[in-house]
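Trainee: Here is what each chain is made of, one letter per residue.
Protein chains: 2
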Amino acid sequence: MRLSRYFLPVLKETPKEAEIISHRLMLRAGMISQQGAGMYAWLPLGYKVLGKIQRIIEEEQNRAGANQLLMPTLQSADLWRESGRYEAYGKEMLRMQDRHERDMLYGPTNEEMITHIFRTYVRSYKDLPLNLYHIQWKFRDEIRPRFGTMRSREFLMKDAYSFDVDKEAAVKAYQRMFVAYLRTYHRMGLTAIPMRAETGPIGGDLSHEFIVLADTGESGVFCHADLLQKPIPGPDTDFFGDLSGIVADWTSLYSATEDMHDEAEFDAKVPTDKRIAARGIEVGQVFYFGTKYSEPMGAKVTGPDGKDITVHMGSYGIGPTRIVPAIIEASHDDSGIVWPVSVAPFEVTLVNLKTGDAQTDAANEKLYGQLQAAGIDVLYDDRETGAGQKFATADLIGIPFQLIVGPRGLASGEVEIKHRKSGERETIGIEDAVARLKALIEPERRDAV
Amino acid sequence: MRLSRYFLPVLKETPKEAEIISHRLMLRAGMISQQGAGMYAWLPLGYKVLGKIQRIIEEEQNRAGANQLLMPTLQSADLWRESGRYEAYGKEMLRMQDRHERDMLYGPTNEEMITHIFRTYVRSYKDLPLNLYHIQWKFRDEIRPRFGTMRSREFLMKDAYSFDVDKEAAVKAYQRMFVAYLRTYHRMGLTAIPMRAETGPIGGDLSHEFIVLADTGESGVFCHADLLQKPIPGPDTDFFGDLSGIVADWTSLYSATEDMHDEAEFDAKVPTDKRIAARGIEVGQVFYFGTKYSEPMGAKVTGPDGKDITVHMGSYGIGPTRIVPAIIEASHDDSGIVWPVSVAPFEVTLVNLKTGDAQTDAANEKLYGQLQAAGIDVLYDDRETGAGQKFATADLIGIPFQLIVGPRGLASGEVEIKHRKSGERETIGIEDAVARLKALIEPERRDAV
Numbered sequence: 030m031r032l033s034r035y036f037l038p039v040l041k042e043t044p045k046e047a048e049i050i051s052h053r054l055m056l057r058a059g060m061i062s063q064q065g066a067g068m069y070a071w072l073p074l075g076y077k078v079l080g081k082i083q084r085i086i087e088e089e090q091n092r093a094g095a096n097q098l099l100m101p102t103l104q105s106a107d108l109w110r111e112s113g114r115y116e117a118y119g120k121e122m123l124r125m126q127d128r129h130e131r132d133m134l135y136g137p138t139n140e141e142m143i144t145h146i147f148r149t150y151v152r153s154y155k156d157l158p159l160n161l162y163h164i165q166w167k168f169r170d171e172i173r174p175r176f177g178t179m180r181s182r183e184f185l186m187k188d189a190y191s192f193d194v195d196k197e198a199a200v201k202a203y204q205r206m207f208v209a210y211l212r213t214y215h216r217m218g219l220t221a222i223p224m225r226a227e228t229g230p231i232g233g234d235l236s237h238e239f240i241v242l243a244d245t246g247e248s249g250v251f252c253h254a255d256l257l258q259k260p261i262p263g264p265d266t267d268f269f270g271d272l273s274g275i276v277a278d279w280t281s282l283y284s285a286t287e288d289m290h291d292e293a294e295f296d297a298k299v300p301t302d303k304r305i306a307a308r309g310i311e312v313g314q315v316f317y318f319g320t321k322y323s324e325p326m327g328a329k330v331t332g333p334d335g336k337d338i339t340v341h342m343g344s345y346g347i348g349p350t351r352i353v354p355a356i357i358e359a360s361h362d363d364s365g366i367v368w369p370v371s372v373a374p375f376e377v378t379l380v381n382l383k384t385g386d387a388q389t390d391a392a393n394e395k396l397y398g399q400l401q402a403a404g405i406d407v408l409y410d411d412r413e414t415g416a417g418q419k420f421a422t423a424d425l426i427g428i429p430f431q432l433i434v435g436p437r438g439l440a441s442g443e444v445e446i447k448h449r450k451s452g453e454r455e456t457i458g459i460e461d462a463v464a465r466l467k468a469l470i471e472p473e474r475r476d477a478v
Numbered sequence: 030m031r032l033s034r035y036f037l038p039v040l041k042e043t044p045k046e047a048e049i050i051s052h053r054l055m056l057r058a059g060m061i062s063q064q065g066a067g068m069y070a071w072l073p074l075g076y077k078v079l080g081k082i083q084r085i086i087e088e089e090q091n092r093a094g095a096n097q098l099l100m101p102t103l104q105s106a107d108l109w110r111e112s113g114r115y116e117a118y119g120k121e122m123l124r125m126q127d128r129h130e131r132d133m134l135y136g137p138t139n140e141e142m143i144t145h146i147f148r149t150y151v152r153s154y155k156d157l158p159l160n161l162y163h164i165q166w167k168f169r170d171e172i173r174p175r176f177g178t179m180r181s182r183e184f185l186m187k188d189a190y191s192f193d194v195d196k197e198a199a200v201k202a203y204q205r206m207f208v209a210y211l212r213t214y215h216r217m218g219l220t221a222i223p224m225r226a227e228t229g230p231i232g233g234d235l236s237h238e239f240i241v242l243a244d245t246g247e248s249g250v251f252c253h254a255d256l257l258q259k260p261i262p263g264p265d266t267d268f269f270g271d272l273s274g275i276v277a278d279w280t281s282l283y284s285a286t287e288d289m290h291d292e293a294e295f296d297a298k299v300p301t302d303k304r305i306a307a308r309g310i311e312v313g314q315v316f317y318f319g320t321k322y323s324e325p326m327g328a329k330v331t332g333p334d335g336k337d338i339t340v341h342m343g344s345y346g347i348g349p350t351r352i353v354p355a356i357i358e359a360s361h362d363d364s365g366i367v368w369p370v371s372v373a374p375f376e377v378t379l380v381n382l383k384t385g386d387a388q389t390d391a392a393n394e395k396l397y398g399q400l401q402a403a404g405i406d407v408l409y410d411d412r413e414t415g416a417g418q419k420f421a422t423a424d425l426i427g428i429p430f431q432l433i434v435g436p437r438g439l440a441s442g443e444v445e446i447k448h449r450k451s452g453e454r455e456t457i458g459i460e461d462a463v464a465r466l467k468a469l470i471e472p473e474r475r476d477a478v
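Here the protein sequences line up with chains A and B, keeping their order. When you line the first sequence up against this note's numbering, it's residues 30 to 478, in that order. When you line the second sequence up against this note's numbering, it's residues 30 to 478, in that order.
Certain hints may be false.
Mimicking EDC-like on lysine to aspartate or glutamate, the simulated pairs with C-alpha atoms at most 16 Å apart in a straight line are [to be verified]:
1. A/K155 with B/E130
2. B/K329 with B/D156
3. B/K120 with A/D127
4. B/K155 with A/E413
5. B/K120 with A/E130
6. A/K450 with A/D362
7. A/K120 with B/E413
Now the stretches of chain B that chain A is said to cover, found in silico as 3 or more residues with beta-carbon under 8 Å [claimed, not checked]:
8. 94-103
9. 144-155
10. 329-339
Keep in mind the hints are simulated off the structure, nothing from the lab. We put the beta carbon where it would ideally sit given N, CA and C, even for glycine.
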């Protein structure tokens, strides 16, 4: 992409309304634009990050055997009356009436609708296990939306729902999502720790939140330090085999959010030098809730003996619009965002130090074509502005590598590569630059980690 | 994808509520599931088609220089009061109040919001031309939603908006979208004809609808038969060069929807044997509307002379959720859907004629792996059901090629390829099957047509 043709409205001033660093940086980097209380447009740079995050989520959900579909944003109130949540949900549910005065709502979550879809089509235990997921916009009318897209009213959510014949099978479904989540966050460059959590309005008796440690986190969290170093299950993990060992390993060490925290247990189980008491951002939650929805809504299958079985369910949420700021909270410096390669809007910024100079332009154009041909996602800063502004933009928007090409280096056949994260600079022959960048980028894409 | 793990609830009966063939087939093939009046969930098969259609749209929008972003589904009423459309829009606009009793609405279109985004960030004529688009869910509270997703209330729309310094530049922006649309439909296997159209509630004085001829179309259309055969501009089209010749060529022949039809002109301009009077489905519309929104909303840039210029705008819509049924209306037979390869949910169905037979299973598993490794999107029918049901499913869901593998053929090292569209069958050596399918599929993907 040529920056001269790209809509990237970076701001020079720090927006006053933003309380946390990720919100400030997302506004400054031209990633989002507020369109009402807790409502944001995702500008091209932000939208591109959001897309990369969605694709990682999809790949890992599919790997774990979940089926992607898409439910509508609006729902009929009748479905929620069946589960008893229509009245119970309170003011966070955005309600409306259509022109025929039918009660409708903007879905804050989809347990009811997916249970309805299940009962419409699935008849036999042979069709289980089944896990259906979608990535769709939700709305929760929070009384005080804040922190940008970290806590917005309209937000994007991946929500998966599992259906099984009994608790034992449902726990296996839970384990598949648990492991998929470990892989998902790891691929995004996040260290997310599963923690025992309360089940809240979803209900049920088994739940984990996945938490990224950050000073700006909303909740207090407590865990064993070794959880930060645990190896992540690889891409060869057999999701249709036994995952209980992996989950047991991860849940054997103490970890809990403040709601579930047990100080005595923490002290007893965790050596002093391994105790982490910190703040954290919730980036996902998994629930097993048994027959809470299937029972009142009549979601049953016929078992091998011909008798009806009420299915056991779980739900599994990840919020991509919350993960974007969570990554920024975890990865930034004084100059701006520092994207992990796997979710970076572009992998390389090609910085033309003297746009308008025929020889420099020609060298940059050639490299731009070569980078694209090598499959590298490149933003070419071809703007007619000074080098200082180009460096500031590249640093602010956090592209992992800058390829800097100017007349002085070209005179001796050299270009410079700057690593955004470390600040390290390498001078390299122009002929070797693309191969060098490819070697730097490919392992960091984490396609197969 | 293994069909045994895929959520594909095909129906045996023809649903009574569906009036047109595309609606019936989408329900029978397990593509969609109704969730309220004019509201549908897209089940995995339908969602996959919708995704392929979106990607083609995105590729062609990007090629034409448009920038993708994403605006929220809900909007503040205040924006629409600025343009004067809040009251004017009538009952098709779904209105609601949030918990603080602020008036909001579910966006039926986005002229107001994109104009607001533009005026927030863009200051100089140097930043133009600019075209911003998104693909987002919209809601129009139609009094009588019908025909499935052809005319649903919640629907997906790609809407692009162009901003230019004057009418001349805006017409060039219009031409870029006009040509992008020709390419977009062509890549989906649709013959869509641009027709002079009324501008309706969007306003403006220049508009074309893109129409697919179909007996079940909602509107009468009139055109010159040669428009059905016109060559489509290729992928090497220079979208930043002069496109006026292409547009003039396409608009030189008579074509108009019934609202704009001029019988005398039709008779005068079109020879009798070239007159097409038919029914059509609108699959997109492009508008130039000048300063209709930029004027009341104050969307201005500073010109080269330092004076303010009110920008000239256009908008450009394509509805992916309407294109899916439009393709089916144009391409089906008595057995079911006949997908063009470029939008097919899968390119090949691998039909195992004897699931459970060790040797047949092994041969199928091997082919399944080889097809995936060859980059072919394959659905492996590994269900423990009879061959008849497998053929019926493959025909119904419309996968372009069936690779049929059973014990009889395997005994002589042979498999069968069935072409869904022509019904043609080829017997081929098992070692040659993947290469043969690749050769059949690649040109039909239309990545580069």
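Trainee: For every hint, state whether the structure bears it out.
Mentor: Against the structure, the hints come out as follows:
1. A/K155 with B/E130: Given pair A/K155, B/E130 is violated - Cα atoms ~49 Å apart, limit 16 Å.
2. B/K329 with B/D156: holds, 12 Å
3. B/K120 with A/D127: holds, 9 Å
4. B/K155 with A/E413: holds, 11 Å
5. B/K120 with A/E130: Satisfied, since the Cα-Cα distance of roughly 12 Å is no more than 16 Å.
6. A/K450 with A/D362: holds, 9 Å
7. A/K120 with B/E413: Cα-Cα ~49 Å, so violated.
8. 94-103: holds (count 9)
9. 144-155: That given contact holds, which follows from 5 residues of the region 144-155 of chain B lying within Cβ reach (below 8 Å) of chain A.
10. 329-339: violated (count 0)
Violated hints, listed in ascending order, are 1, 7 and 10; each of the other numbered hints is respected by the structure.
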